[in-house]
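A.B. asks: One letter stands for each residue in the lines below.
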Amino acid sequence: MIDFRTDPTTYKHWKIEYAGNVARLAMDVAEDGGLFDGYELKLNSYDLGVDIELADIVQRMRFEHPEIGAVVLHSGKDRVFCAGANIRMLGGAEHAHKVNFCKFTNETRNTYEAAAEDSGQSYIAAIRGACAGGGYELALACEEIYMVDDASTSVALPEVPLLAVLPGTGGLTRVTDKRKVRRDIADVFCSMEEGAKGKKAEQWNLVDKVLPNSKFDEFVTERAAEVAGKSERPAQGVSLGNLQRTLHDDGSLEYDHVRVMLSDDKGVATVTISGPDTVPACVDDIHQQGAKGWALAAARQLDDAILHLRFNELQTGVLIFKTEGDPAAVAAYEQLLLQHRAEDWLCREIMLYWKRVLKRIDVTSRSLVALVEHGSCFAGMLAELLFSVDRSYMMEDEFEDDNRAEASLLLTEGNFGSYLMSNGLTRLQTRFLGQADLLDELKQKIGVPLVASDASECQLVTFNYDDIDWFDEIRVFLEERSSFSPDAMTGMEANLRFAGPETMETRIFGRLTAWQNWIFQRPNAVGENGALQRYGSGSRAEFDRRRV
Amino acid sequence: MSGNTEISYDSMIPNNVGLSSDKRVLKALEKWHPGYIKWWNDLIPKKFQESRVYLRTAVGVDPKGWAKFDYVKMPEYRWGILLAPQVEGRTIPCGEHVGEPAWQEVPGEYRALLRRLVVIQGDTEPASVEQQRFLGQTAPSLYDLRNLFQVNVEEGRHLWAMVYLLHKYFGADGREEANDLLRRSSGSEEAPRMLGAFNEETPDWLSFFMFTYFTDRDGKMQLESLAQSGFDPLSRTCRFMLTEEAHHMFVGETGVGRTIQKTLEVMNEAGITDPFDIQKIREHGVIDLPTLQKKLNLHYTLSLDLFGQEVSTNAANAFNSGIKGRYMEHRIDDDHRLSDATYPVSRFTGDGIQLEDVPALTAMNMRLRDDYTKDASGGVGRWNKMIEKAGVSFTLKLPHVGFNREIGAFAGQPICPEGNVLSQESYDSQVADWLPSTADGDYIQSLMVPVTEAGKYASWIAPPKVGIDNKPGDFEYVQLHMA
Ligand SMILES: [Fe+2]
Ligand SMILES: [Fe+2]
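Residue numbers (our numbering), protein chains in the order written: chain A, 1 to 548; chain B, 1001 to 1483.
In case anyone wonders, no lab produced these hints; they're calculated from the structure. Do not take every clue at face value.
What the hints assert, rightly or not - Chain B residues, not near chain A, derived (Cβ > 10 Å throughout):
1. 1031
2. 1176
3. 1359
Claimed, not checked - Sample of chain A residues at the chain B side, in silico, Cβ under 10 Å:
4. 42
5. 76
6. 79
7. 87
8. 148
9. 164
10. 200
11. 204
12. 234
Keep in mind the model is a prediction, meaning the values are calculated, not measured. Just so you know, even glycine gets a beta-carbon here, dropped at the ideal spot from N, CA and C.
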């Protein structure tokens, strides 16, 4: 089982030094510290285990070290920055693991890339030694890239010539969209195994600046101080501690605020999120509660549950989201965060964390359903779930022997701008693409409890059923869903979820990843004689030369 | 060198590649040449630049041409571009293209791989000159000084050879790499040489002899396997370089041998029978055998690291694509493809040192390293014969391949020279017995006094049995320039 929970005391692959408002993050991968057997993490190459630690570091940087304004990403090894994802690991991994691995690493890259704009934490790559493939992609996600000009250090995306796959962790996309490398130059760069060093790398804008070795450290240190000084940094973070959960033999999973139950055949997982018991009175309370406060704790638990299901429960094709609690309490909690997000870093970070968790759900390739039952609390950030899922069902009127409060939704200000999707729009904007007037009308409903008939009228749920139809409709839907091809479902859902404009992020998740996953299925890469399988054997790949 | 100075490259660069009619390469070399001369002039002290050195120059590849002896000022040495004669009908000796006609041009798909190999080889050539730059000041004799300079100019020529290939066959990128060969520099903070061992200074003459014996031998093994390349110009280039490399190893073997010889003579004269009576032996200004063993341990193991990881994808690709063969590929009796063969490779696990069969293609480095060990043991045997003949009971040994390693399966493991795995504590407490200490280095350094009188030798080294080019014992190999 893959466990995404980690903490600084158990890191194997990274070392962090904090000095004032600058952190120095050294990648120093333990060769024998691979998550699975059968490969060694040579030359600072990484596998999922390395990336799990990085994700944890990035997360804790924001909550535990808000004083940090710049993070210098460098290598803890001599003569190599990072050789990218470990090829033997990829060669040996099942398709599903490869896809999940790439998705997770992409999410982590996006997270620290966004840290500059969102939180004033800028990542700066300081490259000394070979930086290839996923290694350069690590750097590409940084705000700024500096490189030593020592006639050896280079950046490269050698995936195509070497492995017959793509630089799929944002590489191709960031080269053109972010670094603005001209497309024909990008074509040259992405076809050359050895990459570019020195002035050429700077001319092509693959790095921001190259510097002689003797001036490099000083320059990077100065630059980091300068970048870190751009924003006021709060003094004290909150400790995230360890995430507690109980995993039962039947696969069910329990956290304080989140429960995951699996159906008998494990085809369906029900994720139930409980709302807050009480609402903090003021910002100080939020700080006092720290990681224990509902909004932060629930986000974290939901995040972990989703990752757990993605990696460890592959047969689970449908995720049902349920909530329980008081919608007004959720709305009030969120209101407090929203009100203070401008001046209070923790309120802001909690909101941003919800934004990330919701995005993670958006790109989870399972059929997503929300059941709005009586006693539920789909309000604010939890209401976003309704607009993230593929379908939603809502209970209408009283149900026999059910004395829970009648199901109602609560829209908040947050639903109109706090949780942008990867396409840069709110989920409601995406849902009602091109219908601005409808959105305006919806804004009038902020704070008004909407029961099934209202929600249906406002087009906020897919179906509403009373107790005569509810159980049967849900059962039939689930049975139908599980009879469809999982691949067709993944494809259909991924296409329908992201209406609207393209952004770099949607291009990474939609275009780049989709092509990569296609290539990952093709014999030219993964067949017995394909490049990924043949890599390291010395034998050359044999390609089917026909274009598809 | 200013732009309007006409250099007659045709006469300046002895070559058998038709340089005068190859305008493109001539032009490229003209651009590169000033940088090279500058590199050379910056490196070698003025006094020696002006001295006349009795050097061997290769002006052709035939038996008559390749060893012309005469007094030359080093900056005027004629660095030639000489390839072994083309063998009619030569075929690719190994890998998936085995038996196909050898390539006369770079095959596009292997261009990057080939260029990398040429650059790595090229990078080591000037590196050793840089490492040895200070040795001229403390040469134990004019004979040795001359040998040092001979090795140096030939390493310079080897750089030329690689640069020629880069210019001739690798286009704009090749030119860029050729320039970077002059930009990187041994031990430099700014742009160090590519391989670790080539960034260490050669601090004294015993180190120089050990280096030429052990580390140049790594170069020999690399050249031997590149001589088996399916890319014919590379093969021919390396084959000719090997003739010069043999001399470098001769300098190493005889240098260490003469050091031993002198120690043995002194021990016998003084009636010292115990080779471990270091104090007493050192009182006579010679280097005791245990210290020689430590130096051997150091240089041998540093050189082993140059072979890289035991299991290597790059090495597998290079063999399979026919870019780099095995040592003596043509004498090996197999299919030269190795598609199903295995080779035992050392592994270090919790249970200690083990051999494990892996696909032979991936074990190219390990195999070459094994061949190297065999090759390196020859001279050690001859040194031991000398010791035996002198009646001293001491045997020099190559340490276990797991000892003192920084690269590969044994990197950083506490393995003693006998090959036993120790606790880190126990290893640390004994390592001073196995590797030269600072005090050992200081002692050797104290012996490094220059001797500039023809026919005279420093206290710690015996004269050679035969002179270079059969010159008599008091021949003035270097006519030192006195400013
Ligand atoms: Fe050489
Ligand atoms: Fe040599």
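A.B. asks: Checking each numbered hint in turn, tell me which of them this model violates, lowest number first.
C.D. replies: Violated hints: 2, 3, 5, 9, 11 and 12; rest satisfied.
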